[in-house]
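Same order as they appear, the protein sequences are chains A and B.
Here the working numbering is used: the first residue of the first sequence is 75, the next is one more, and so on.
Here the working numbering is used: the first residue of the second sequence is 18, the next is one more, and so on.
For the record, the hints were derived by calculation from the structure and aren't laboratory data.
This one's a predicted model, so the numbers in the text were calculated from it and none came from an experiment.
Check before you lean on any hint, since a few could be wrong.
[To be verified] Only some residues are given here: those of chain B computed to face chain A with a beta carbon under 7 Å:
{"#": "1", "residue": "ARG60"}
{"#": "2", "residue": "GLN61"}
{"#": "3", "residue": "MET62"}
{"#": "4", "residue": "LEU64"}
{"#": "5", "residue": "ARG67"}
{"#": "6", "residue": "PHE123"}
{"#": "7", "residue": "THR125"}
[Claimed, not checked] Derived DSBU-like pairs (lysine-lysine); straight-line CA-CA distance at most 35 Å:
{"#": "8", "chain 1": "B", "residue 1": "LYS72", "chain 2": "B", "residue 2": "LYS120"}
{"#": "9", "chain 1": "A", "residue 1": "LYS87", "chain 2": "B", "residue 2": "LYS130"}
{"#": "10", "chain 1": "B", "residue 1": "LYS120", "chain 2": "B", "residue 2": "LYS87"}
{"#": "11", "chain 1": "A", "residue 1": "LYS87", "chain 2": "B", "residue 2": "LYS120"}
Glycine residues also receive a C-beta, built at the ideal position from the N, C-alpha and C atoms.
Listed below are the residues making up each chain.
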Amino acid sequence: ETGVTQSPTHLIKTRGQQVTLRCSSQSGHNTVSWYQQALGQGPQFIFQYYREEENGRGNFPPRFSGLQFPNYSSELNVNALELDDSALYLCASSSQGIPDGAQYFGPGTRLLVL
Amino acid sequence: AQTVTQSQPEMSVQEAETVTLSCTYDTSENNYYLFWYKQPPSRQMILVIRQEAYKQQNATENRFSVNFQKAAKSFSLKISDSQLGDTAMYFCAFMKFFSGTYKYIFGTGTRLKVLA
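Construct the entire structure; sequences and hints are all you get.
The following block contains the structure:
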């Protein structure tokens, strides 16, 4: 059984650029959630994907978008980067078939916007 | 709206001692799940323990146990026989499954340092 993986591990961008982050879900999981974790804070829910469709969204603007692929892997895209987008981005996978919804997290991508 | 509050930003404990991390939450729901996650300095979030709200029995996982008080909306984590490897940020999280969507809300975390 493979765990959740994310790429890249670190990324530096400049304001106004666009970025794509990638996540491979844990084997057997069909749901992927994305979180933004600012320094010293708890994770903030961005959105969740299930069966290739967005299945719930937090308070993030439309410039945060995503995709889920048939193999359940996922991408997070952020357009028009702002300085405040600098954070650790976490991906978590889970299975809709398991009622407690326990999520398993990847190691994260550290994004720095200059 | 649901909220999760962790009132202890930082705590420390001597190795082999017991420590309790507090968490309170606010919800009008009756069916939900609560979790404690650990985020070591290497940053990967790890599930420590989970509790279903409809179960009165407190969950236990080896040295980790919870004190779940549903009426008081309290969900504390007790770590027994603390080890140096327990040093990490600990996050309390609330989850409700609603209309095919998991809604997860995390607290701001408690930084625990285990002292040798």
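Right, here's what the structure says about each hint:
no.	hint	result
1	ARG60	holds (6 Å)
2	GLN61	holds (5 Å)
3	MET62	holds (4 Å)
4	LEU64	holds (6 Å)
5	ARG67	holds (6 Å)
6	PHE123	holds (4 Å)
7	THR125	holds (5 Å)
8	B:LYS72 x B:LYS120	holds (20 Å)
9	A:LYS87 x B:LYS130	holds (33 Å)
10	B:LYS120 x B:LYS87	holds (19 Å)
11	A:LYS87 x B:LYS120	holds (30 Å)
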